[in-house]
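J.: Each chain, written out:
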Amino acid sequence: MSTTHELNLTVNGEEWQLSVKGTETLLEVLRKHLTLTGAKSNCLEGECGVCAVLMNGRVVNSCILLAAQCEGAQITTIEGLANGETMHALQTAFLNRGAVQCGYCIPGMIMTAAGYLKENPAPTEEEIREGLCGTLCRCTGYTKIVEAVQEAAQTMGAK
Amino acid sequence: MTAAKEFEVVGKRLNRLDGEGKVTGAAVYASDFALPGMLHGKILRSPHAHARIVRIDTTAARKMPGVRAVVTGASQKLNRFGNFIKDFEVFASERVYHVGQPVAGIAADTEYAAKQALRAIEVEYAELPAVFDVMEALDKAAPLVHPDWQSLKAAPIIVREGNRCSRTVIKVGDVEEGFRNSYRVYEHVFRTSAVHAGYTEPRVAVAQWTASDQATIWCNTQLLFDTQSTLAEIFGISPSHIRVIVPGIGGGFGGKLRLGMEHYAMALARAAKRPVRVMSSSEEELTAALFRQPTTIELKTGVDREGHILAKQGRIVVDAGACSGSGPLVASTGTMILAGPYRLPNANLEGISVYTNNHPNGSIRAPSGPMPNFATESQMDMIAEDLGLDPLELRRRNILREGDIAVNGQKMTAVGLEECLDKAAVAIGWDHRKPEHNRGKGLACGWWMTSRGSSGSYLKLMQDGTLTMMVGVVEMGTGALTGAAQVVAEEMGMKLTDINVVSADSLTTPYDFGSQGSRTMFAVANASREAARDLLGKMRVRAAKALGADEQALAMRDKAFWSGEKKITFAELAAQANTAGGGLIAEATYIAPAAEHDASRVQNHFSPSWPSPSFHVHATDLSVDDVLGEVTINRYVVAQDVGYAINPTYLEGQLEGGAVQGVGQALSEEIIIANGHVQNGNLTDYKMPTAMDVPKIEVILVTHPSVAGPYGAKGVGEPPTIQPPAAVANAVAAACGKRIMHLPITAEKILLG
Numbered sequence: 001m002s003t004t005h006e007l008n009l010t011v012n013g014e015e016w017q018l019s020v021k022g023t024e025t026l027l028e029v030l031r032k033h034l035t036l037t038g039a040k041s042n043c044l045e046g047e048c049g050v051c052a053v054l055m056n057g058r059v060v061n062s063c064i065l066l067a068a069q070c071e072g073a074q075i076t077t078i079e080g081l082a083n084g085e086t087m088h089a090l091q092t093a094f095l096n097r098g099a100v101q102c103g104y105c106i107p108g109m110i111m112t113a114a115g116y117l118k119e120n121p122a123p124t125e126e127e128i129r130e131g132l133c134g135t136l137c138r139c140t141g142y143t144k145i146v147e148a149v150q151e152a153a154q155t156m157g158a159k
Numbered sequence: 001m002t003a004a005k006e007f008e009v010v011g012k013r014l015n016r017l018d019g020e021g022k023v024t025g026a027a028v029y030a031s032d033f034a035l036p037g038m039l040h041g042k043i044l045r046s047p048h049a050h051a052r053i054v055r056i057d058t059t060a061a062r063k064m065p066g067v068r069a070v071v072t073g074a075s076q077k078l079n080r081f082g083n084f085i086k087d088f089e090v091f092a093s094e095r096v097y098h099v100g101q102p103v104a105g106i107a108a109d110t111e112y113a114a115k116q117a118l119r120a121i122e123v124e125y126a127e128l129p130a131v132f133d134v135m136e137a138l139d140k141a142a143p144l145v146h147p148d149w150q151s152l153k154a155a156p157i158i159v160r161e162g163n164r165c166s167r168t169v170i171k172v173g174d175v176e177e178g179f180r181n182s183y184r185v186y187e188h189v190f191r192t193s194a195v196h197a198g199y200t201e202p203r204v205a206v207a208q209w210t211a212s213d214q215a216t217i218w219c220n221t222q223l224l225f226d227t228q229s230t231l232a233e234i235f236g237i238s239p240s241h242i243r244v245i246v247p248g249i250g251g252g253f254g255g256k257l258r259l260g261m262e263h264y265a266m267a268l269a270r271a272a273k274r275p276v277r278v279m280s281s282s283e284e285e286l287t288a289a290l291f292r293q294p295t296t297i298e299l300k301t302g303v304d305r306e307g308h309i310l311a312k313q314g315r316i317v318v319d320a321g322a323c324s325g326s327g328p329l330v331a332s333t334g335t336m337i338l339a340g341p342y343r344l345p346n347a348n349l350e351g352i353s354v355y356t357n358n359h360p361n362g363s364i365r366a367p368s369g370p371m372p373n374f375a376t377e378s379q380m381d382m383i384a385e386d387l388g389l390d391p392l393e394l395r396r397r398n399i400l401r402e403g404d405i406a407v408n409g410q411k412m413t414a415v416g417l418e419e420c421l422d423k424a425a426v427a428i429g430w431d432h433r434k435p436e437h438n439r440g441k442g443l444a445c446g447w448w449m450t451s452r453g454s455s456g457s458y459l460k461l462m463q464d465g466t467l468t469m470m471v472g473v474v475e476m477g478t479g480a481l482t483g484a485a486q487v488v489a490e491e492m493g494m495k496l497t498d499i500n501v502v503s504a505d506s507l508t509t510p511y512d513f514g515s516q517g518s519r520t521m522f523a524v525a526n527a528s529r530e531a532a533r534d535l536l537g538k539m540r541v542r543a544a545k546a547l548g549a550d551e552q553a554l555a556m557r558d559k560a561f562w563s564g565e566k567k568i569t570f571a572e573l574a575a576q577a578n579t580a581g582g583g584l585i586a587e588a589t590y591i592a593p594a595a596e597h598d599a600s601r602v603q604n605h606f607s608p609s610w611p612s613p614s615f616h617v618h619a620t621d622l623s624v625d626d627v628l629g630e631v632t633i634n635r636y637v638v639a640q641d642v643g644y645a646i647n648p649t650y651l652e653g654q655l656e657g658g659a660v661q662g663v664g665q666a667l668s669e670e671i672i673i674a675n676g677h678v679q680n681g682n683l684t685d686y687k688m689p690t691a692m693d694v695p696k697i698e699v700i701l702v703t704h705p706s707v708a709g710p711y712g713a714k715g716v717g718e719p720p721t722i723q724p725p726a727a728v729a730n731a732v733a734a735a736c737g738k739r740i741m742h743l744p745i746t747a748e749k750i751l752l753g
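If you read the protein sequences in the order shown, they are chains A and B. Numbers 1 to 159, taken from this note's numbering, label the letters of the first sequence in order. Numbers 1 to 753, taken from this note's numbering, label the letters of the second sequence in order.
Hints are supplied without guarantee of correctness; some may be wrong.
Heads up, incomplete: computed chain A residues facing chain B, CB under 8 angstroms, no partners named [claimed, not checked]: (1) S41; (2) I106; (3) L132; (4) K144.
FYI, nobody ran anything at the bench for these hints, they're computed from the structure. From the three backbone atoms N, C-alpha and C, an ideal C-beta is built for every residue, glycine too.
This is chain A alone, in the form it adopts within the complex (with noise of 0.2 angstroms):
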């Protein structure tokens, strides 16, 4: 239980050299260790989404993903997302489609198109909606949320 790894990992660019219990998770890293709050809590077993963040390009669920096998790893968040000052597509088309309610599903479910718009930077919306079935919404219905990553697919294709 209290046994100690050290852990190399890159945040949003930022390389971390940190001491963490083998029981904590990714999540638990980010959080408390980091105070990056943007990946949420809820359900803690990688049912609901909410903690999804990118690690090395590809979303996972970082509740029940252990902190020490991500040594090395290069870990985007959603308070790593934009470039500067200037918004992700992904973010501004959340903003003015109004994809976006209460907010707490938002951080998860935006790492998680970023990640799935890699692998498929031009989906139809049948497929966005199965890439974003691992994250659960109550507020919107996931109407608004998928025009919002069709937008933002079709304005990063247009780049």
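Starting from the structure of chain A, add chain B where the hints point.
T.: Chain B in isolation, oriented as in the chain A frame:
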């Protein structure tokens, strides 16, 4: 009248004011909030549905590493609480009466240490007979959930008898006579299951005592002031000594109206003399939150040959669980939904709530809506089928229209129901109701109210010419406060982004009834609009003096008052007033006027009249898999009379989200309870709709303006969850001929039921 005019800010699709922090991760939610030196609390819960507590020994737990405080029902004197009946205890004192009931709490250095220490608490129970079925609980021979029910304090409107903890009746005309005159009489029984509100942020609270009789709580409640007064009651201190702050809330949907973790955090923080955070685990959410009540609904309807309803008799039996919670309210308001938005010459509708040893329940979005609507609207289709009528035509023959008298004696105005019905039918392609094998369409009508309750608003003009609006509600995500700010900006001739919203701090913001009842934007906007007009008056006086002009001759544009070519800007006015005249501030309060009704028709009714009623129709087109029984929703249409759309984008968001929440209750969501024990306490087995399970929700906004509403708006947030179970049930029946009478409509029921 107002809706026809062109406005600058209201009616526009403007981005929400709190949006940027939510897409960048900067927004702080209650679950992100922390204090230095903060401990973590965990709750020990009862494994029994009904038992006497013989002994609790916390000696070993107190010695566990990291443990700072242990609290039981015996260690702190805490008063009982409950919104209608004082039947909740913070920690069980002598008995436990439901599984999951808190028995003890531990505060420790870490959550892990607290969890470990819970196992070291020894509790000896002596099991007692329990009752889980509402009908059995009504039997005189059933064990009493609260043998001392007569000594529990209750609101005067509550009529109790043993396990029955409330009874409401609406009576019109003579139902027996109506049934005698009927061509056909239909009798059915419907059942609905418990569901969870489904918010993605678990309930959480951080409590800190700042003096022996003063505390501050950071939490994610929807109701600041109800939380404040309930905590004051429990701890026997003055409400003004309890400060409730909501840093941010990850969804509510009614599941965060009543106390969540606040009282446990406060009790533990008092014992530990340190700040304590308590957060509900996902398992606790799905086994020990306040669910939507399971119900049993008996419904008997008589019609003439043409399908006109002549008499309706119904009873909604609400399983309140072991503490009454919102059960009495749900049973009471449920009678109006049993009636439905129809002309009823004769009716006898009863709502009762009943104690069982199941988990207590709460007030989930449109608390009494989906269950009786499922019964009423399913039965309407069954009647239509039997009479050989189109279900749409049967509804046309019975719906309320302008000037009609509703079941409660209220004269209906601004009734957009027929328009909703027509537009939804056209949109879904009603003429081809069974387009192919195992594919069908269904629709359902409904109505709801804009709840009352007061709101206050403080406004102050800032030195930079912007305006700060301070209100006592929580922005739950609906966009209610962006909508209210749009109304204020319109009045003030400002941009939406000129409004700074301060909310959700019980010490610094004015009283508000809270984020509930489809009334938040409605009431806050009305109060703030009144305050804005008052502030403009004060500004005008000061501007006239400064410009040496007549008040009435001043023009207002571009955030300035003008007298010919001379002007004074809002910023200059504020600066001048701050220096010389104490600043420019204004305040106002609002409560919606009660709608007139016929009091002789109702007994012990919690909401006998429906202010600014809203009307809605949902229609869906779905397919049922022959072999798997699986339902695929091809299309889903929501037509809702919203009065006026202050911000169409967020209004659509309410209707889209509400419809999907309702589809969850229709098809997949169920808290499965066996002998008081929840069987599916995780998000793998409790199935909320994902993006893959639903199509795009098609929204039609119908606008019959409310006289009382801001710019004609009506309450909108709750209604979209009401109709989905009935619309889906009717479409399933159209698709495959199976009439499902018990929610949810699972594949098993379709194939085997």
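J.: Work down the list of hints and note, for each, if the structure agrees.
T.: Status of each hint after checking the structure:
1. S41: At about 6 angstroms, which falls below the 8 angstroms cut-off, the nearest Cβ of chain B leaves the hint on S41/A intact, so it holds.
2. I106: Interface hint status for I106/A: holds (5 angstroms vs cutoff 8 angstroms).
3. L132: 4 angstroms, holds
4. K144: Nearest chain B Cβ about 6 angstroms off; hint holds.
Checked against the numbered hints above, the structure violates none of them.
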